[in-house]
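S.K.: Can you make the complete structure from the sequences, with help from the hints?
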Amino acid sequence: MSCPVAIALQYLLNALQLGSVYALIALGYSMVYGILTMINFAHGDIFMVGAYLAMWATLFLLGLPLNLPIIFIFLGSLLFTMTLTAALGVSIERLAYRPLRQAPKVSAVITALGVGLFLENFTLATIGPEPRQVPAIIPVQQYSWGGVAFTNVQLLILVVSLILMVLLDTLVRRTLTGMAMRAISYNRVIVPLMGVSVDRIISLTFAIGSAIAGAGGLLYGLAYPVLDPYMGIRIGWWAFIAAVVGGIGNIRGAVLGGYVLGTVEIFTPVLLASSTYRDSVAFSMLLILLIFKPTGLLGRPTVEKV
Amino acid sequence: MLQRGIWQVVRVLSCLALIVGAVGCGAKSEQEVRLGVNAELTGSKPTVGDSCKKAMELLAEQINQQGGLKVGERQIPLKLFIEDNEDKAESAAAAAQKLISQNNVLAVIGPNASGNAIPAARICEDSGVIMISPWSTNPKTTEGKKYIFRACFIDDFQGQVMAKFARQHLKADTAAVLYDVASEYNKGIAEFFKQFFEADGGKVVAFASYTTGDKDFSSQLTTIKAAAPQVLFLPNYYNEVPLQVKQARNQGLSCAIIGSDSWGSQELLTLGGADLEGSFFSTHYAPDIATPKAQEFIKAYEAKYGKKPDDVAALTYDAGLLLCNAITQAGSLDRTKVRDTLAQVREFEGVTGKMTFKGGGDPVKSAVILQVQNGQFKYFASVQP
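One line per chain: the protein sequences are D and S, in this order. The first sequence begins at 5 in the numbering used here and counts up one residue at a time. The second sequence begins at 8 in the numbering used here and counts up one residue at a time.
Derived from the structure by calculation, the hints contain no laboratory data. Hints are not guaranteed to be accurate.
Unchecked claim - With beta-carbon atoms standing in for the labels, derived distance ranges:
(1) Ser134/S - Gly151/D: 50 to 60 Å
(2) Thr130/D - Gln104/S: 29 to 39 Å
(3) Glu284/S - Val9/D: 26 to 36 Å
(4) Ser134/S - Gly132/D: 28 to 38 Å
(5) Thr174/D - Lys105/S: 49 to 59 Å
(6) Gln383/S - Leu301/D: 45 to 55 Å
(7) Gln175/S - Leu301/D: 51 to 61 Å
(8) Ser134/S - Thr130/D: 31 to 41 Å
(9) Gln302/S - Trp149/D: 45 to 55 Å
What the hints assert, rightly or not - Sample of chain S residues facing chain D (criterion: CB under 7 Å; computed from the structure):
(10) Pro53
(11) Ser216
(12) Asp223
(13) Ser225
(14) Ser226
(15) Thr229
(16) Ala233
(17) Gln237
(18) Asn246
(19) Asn257
(20) Gln258
(21) Gly259
(22) Leu278
Note that this is a predicted model, so its numbers are computed, not measured. By construction, the Cβ of each residue, glycine as well, lies at the ideal position given by its N, Cα and C atoms.
M.R.: Have a look at this one:
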């Protein structure tokens, strides 16, 4: 463990794990923005709800006297969490955002902040403020390869997030629904004339974005198995920066931004000797980037149509 | 002319209201001993606030069942005013302000975490209201203040105890520290540990920090692992330590792990599980070697709440007892008289051991070292000051 290359690789692996979680949540911010040009500030809290749902699903499946195989418990919890967070996202859109679709943008943003506060405080009131422990679905196994230590859980997080990202990318780029999404994000006025139901596509966007945040919550719970009602705030902010850095509205940009932010978080304490600078480094980076490239790394400038 | 007359009436009425109000308040404060509780009921350490509230409610119930607190010739019942400080510095100060100006309390018990206790202490000191923090071990809480007390030892002593323990018992020559730089308690004790460990001939090879609320410590732990310490000191709160230990073990860091009194909550065991097995930490009292006085308290607490009291509950109970004894001894509800009595308390027998105050706000008392064994806290050693 004294070899500097091994240490650098270890940091990189840490960054990949954290970046995967940020990327999954950043996707939701980016998709909603792409289609509605609205920032869904409740997204971080949907992630938090997802983490709690995953915990209950796992506890329930582990408690059954069936001795289910691990892979089944994992997939069962994942499916349960993604379904319920998708339903939550769709209901939030239906109840809180749709009535405001014609209202000024700022109303929707403030409503989103309100929905986020509601989710936090509802969780606080019903579940209580005590931190909760996520049961270990998968017995942790440690491996060491050339001085770099990693666990099976870390690998699982990397692989599952990668699969989800590829699936989403395929959905948006290769299917008819994806085409409708891209069309709506391009022009929301003309598209309904082509026979596309805008409401249905928007609901679907919220469902997919929230489901992915739910999956993020489950994976996060595996890596950092202590949950509290406020956990969504900081992660939500960081994922939001990730989405902006990558170019908000762009799916691949969100993933790239997630990994960039993960790297910033891991390498700041290494290079600056204190983790206290973490947030200031991340936000300064955002500010500087926005000065030189206001649309983010992969974002395309919007052309004002006359 | 008419307008002037109305003004006269208003003036007279408001004067009357003031007088009635003052008399009313005066009479009221003689009928009950008003105590404030400034606790972390929500936020990141809700267990701490809950224990503090429960212990004070138990004490008030016990005293009121006997007809109240003896003050001079009379028996006066206790009345508690409980405020939530949300585990935030600004809310802790606001809660102290509210207890003083709205509820007109004689004294405040809490806050518990040093980050909250230090700002609240400033407010109480400026208003001349007694404050006893059960659990705040950072020296700054009482430093240079007249009305601020605590029921626990301070971090200089705790840092010294753990540094000595690491050097002598664990035979460690090198140590690493990971601490929360944004919290007064964690930062203070980390620095004292480093100072005493190095004064004792050891070397601190990594001194890494993070910020409250962080969940990922992998970056700092990689740095620590690269420095290959023989012992890792984690002077952090019970809700964060389990994640830190888990991540340290996952990175293949296999050295001994030690901690401080912020570990002493049952939550640590439910959240941390097997990863904490064998770790040591310093704290205020050990339930398994309880004195008769402590056993009595543990029994009463268990009967009322159905669970064992943690160190915050025991210290809060002691803080309340200290205050009540001082009020009885002073024979008055005058804040200055009670304060002067409190500062001279000798050999007070509390749940967490004997305490002596030497004119200031910090008691002289012993510490114990506990070990996690089979998922339980077990007594390991006592350290005298």
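S.K.: Indicate, hint by hint, whether the structure satisfies it.
M.R.: Okay, the hints, checked on the actual structure:
Checked against the hint of 50 to 60 Å, the C-beta distance between Ser134/S and Gly151/D comes to roughly 58 Å, which is consistent with it. Distance hint check: the CB atoms of Thr130/D and Gln104/S are about 31 Å apart, consistent with the given range 29 to 39 Å. For the pair Glu284/S and Val9/D, the beta carbons lie near 33 Å from each other, so the given range of 26 to 36 Å is met. Judged by the Cβ atoms, the range 28 to 38 Å given for Ser134/S and Gly132/D holds: they are separated by roughly 33 Å.
Evaluation of the 49 to 59 Å hint for Thr174/D and Lys105/S yields a pass: the beta carbon distance comes to about 57 Å. For the pair Gln383/S and Leu301/D, the supplied restraint of 45 to 55 Å holds, since their beta-carbon distance comes to about 52 Å. Separated by about 55 Å at the C-beta atoms, Gln175/S and Leu301/D satisfy the suggested range of 51 to 61 Å. A C-beta distance of roughly 38 Å is found between Ser134/S and Thr130/D, which places it inside the suggested range of 31 to 41 Å.
With their beta carbons about 54 Å apart, Gln302/S and Trp149/D fall inside the hinted range of 45 to 55 Å. Nearest Cβ of chain D to the Cβ of Pro53/S: about 4 Å, under the 7 Å cut. The hint holds. Taking 7 Å as the C-beta contact cut-off toward chain D, the hint placing Ser216/S at the interface holds, the least distance being around 6 Å. Interface restraint check: Asp223/S against chain D, minimum CB-CB distance 5 Å, threshold 7 Å, status holds.
Checking Ser225/S against chain D by beta carbon gives a least distance of about 4 Å; that is within 7 Å, so the hint holds. Of the supplied interface hints, the one on Ser226/S holds, with its beta-carbon coming within about 4 Å of a beta-carbon of chain D, less than 7 Å. A hinted interface residue such as Thr229/S counts as satisfied when its beta carbon comes closer than 7 Å to some beta carbon of chain D; here the least separation is about 5 Å, so the hint holds. Given hint, Ala233/S at the interface with chain D, holds; its Cβ is 5 Å from that chain's nearest Cβ, closer than 7 Å.
At its closest, the beta carbon of Gln237/S sits 14 Å from a beta carbon of chain D; the interface hint therefore is violated under the 7 Å criterion. Hint status for Asn246/S relative to chain D: holds, with the closest Cβ pair at about 5 Å, below 7 Å. The interface hint given for Asn257/S holds, since its Cβ lies 5 Å from the closest Cβ of chain D, which is under the 7 Å cut-off. With its C-beta approaching chain D no nearer than about 5 Å, Gln258/S sits inside the 7 Å limit, and its interface hint holds.
The interface hint given for Gly259/S is met, as the beta carbon of that residue sits about 4 Å from the closest beta carbon of chain D, less than 7 Å. With a least beta-carbon distance of about 5 Å to chain D, the hint placing Leu278/S at the interface is held under the 7 Å criterion.
Violation of the numbered hints given earlier is confined to hint 17; every other hint is satisfied by the structure.
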